[in-house]
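Undergrad: Protein sequences, first through last, are from chains L and V. The first sequence begins at 0 in numbering that gives the first Met the number 0 and counts up one residue at a time. The second sequence begins at 0 in numbering that gives the first Met the number 0 and counts up one residue at a time.
These are computed hints drawn from the structure, not numbers from a lab. Just so it is clear, the structure is predicted and the values come from calculations on it, not from any experiment.
Listed below are several chain V residues computed to face chain L (Cβ distance under 8 Å; list not exhaustive): (1) L193; (2) L207; (3) F233; (4) P235.
Now the in silico label distances, taken between C-beta atoms and shown as ranges: (5) V:G22 x L:A194: 41 to 47 Å; (6) V:D127 x L:R82: 46 to 52 Å; (7) L:P84 x V:R230: 27 to 33 Å; (8) V:Q250 x L:P101: 53 to 59 Å.
Result set (EDC-like, lysine to aspartate or glutamate): computed pairs, CA atoms no more than 20 Å apart in a straight line: (9) V:K215 x L:D262; (10) L:K215 x V:D213; (11) L:K215 x L:E187; (12) V:K215 x L:D261; (13) L:K215 x V:D261; (14) L:K215 x V:D262; (15) V:K215 x L:D213.
Ideal placement from N, C-alpha and C gives every residue a C-beta, glycine not left out.
So the chains spell out like this:
Number of protein chains: 2
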Amino acid sequence: MHTDPAAHPPIDAGFSLDAFHRGRFHLVQPVGGHRSGLDAMLLAAALPTDFSGHAADLGAGAGAAGLAVLSRCPQARITLVERDPAMLDCARRTLSLSHNRPLAERATLIDADVALTGPARSAAGLTDAGFDFALMNPPFNDGADRATPDPLRRSAHVMEDGLFEAWIRTAAAIVRPGGGLALIARPESLGGVLAALGRRFGGARIVLVHPSADQKAIRFVLRASKGSRARLAFVPALVLNDAAGPLPRTQALSNGAAALFDD
Amino acid sequence: MHTDPAAHPPIDAGFSLDAFHRGRFHLVQPVGGHRSGLDAMLLAAALPTDFSGHAADLGAGAGAAGLAVLSRCPQARITLVERDPAMLDCARRTLSLSHNRPLAERATLIDADVALTGPARSAAGLTDAGFDFALMNPPFNDGADRATPDPLRRSAHVMEDGLFEAWIRTAAAIVRPGGGLALIARPESLGGVLAALGRRFGGARIVLVHPSADQKAIRFVLRASKGSRARLAFVPALVLNDAAGPLPRTQALSNGAAALFDD
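Hey, can you work out the whole structure from these sequences and the hints?
TA: Quick look at the structure:
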């Protein structure tokens, strides 16, 4: 039935095929490895709905956030940047799915370490001031993740000293003046993120993500502008669930039907 | 009628007498200068209700937060630290009000700059590891405040480079290991505050304060422990008002009838 095997790579026992944005795109993901979900959808929802430029998804994994940007923003282009061979394989399979072809035509995949600097970074395709926006869901870990025996999952969650500094340094280099940055991270990383933003990015808007109204935040999503001197602001928090399950706004954000920030 | 004039200083045209905690204590405040209100009450509400140690109110002004701690915590003692002569005068008048005497018996006033270091700081009465807790509502400014012509008000709101570093350095010096820090500040100061906390204080809990559910935060209140390695956490935000006015929790916090953090 498959006339073009290259465009229909087998989804064998090591992979799963997962639908996002109510089936508007699919991801090939490793079974048992780091799996994308709501984090990637919230990150993609941080871009302006009318974004029509060229964005870089730094540490793209299987491409969840990047494809979600393409799904939300019909004029956007994306460059997915990933260094992990297993995730690169997933991203390649994802982009070659016939179902994803309308989005994949606006996507490019780069095999590169986000922490590259100078000429090596440019040579990898991360051109200085070559992008309008950078988004990132940097690898992080916590006690629960460290306990998991799965090497791939552990690898995706290893937090390195200076990771935010290195990744945000790259974002500041590749984004044009006035361009944007969006990232999602754990609350305990906020100090390191704000230190790395420094004077590179300003006008940060932050939304805290709480599982329910009476629980502490588990994530924050931040959007900032390169070179802005505007003040940091915390917009009203996002509460994901009530006793009945995901709230309508959570579902809309997860499905690409809402923006996280007013523009 | 006044048998002890020193204990009943005149509240002349330059001052007002303001009730707090439903009249449990009063403050002598300068008319037209920096005036304490909800910020000081929220700061005092950040201490554990069962706090029974010796706290230092750094930059105490007329004593609002410090007296609110004494009002909430019947076993607590407080040292008010202030360098501004006009505010020191108000604090002295406040402590000498007969109405405040039950609280004032647990209060000490120190004329000192919070930014003092080394032997000068100790000589002023800010003894290394001499306190169980430090609280601070550091002077800050914003565009609106800069526009005010009142010199006293302007003085109270001048933000100096490194202020948080200097004040938190003092807090770390004077608080015993395991002791606490509470502060209230504007959201745009969070990066500087987290940098100053560094490894001095950990286990920070932060509550963002929003005027209403759909407005951005105007303050944050933070509590941390000296030497803790626990992670920063954002507890659910405090929303002050709905369309009908202050919410019950706002009133309870303002009146000393509630704690800001679970303990």
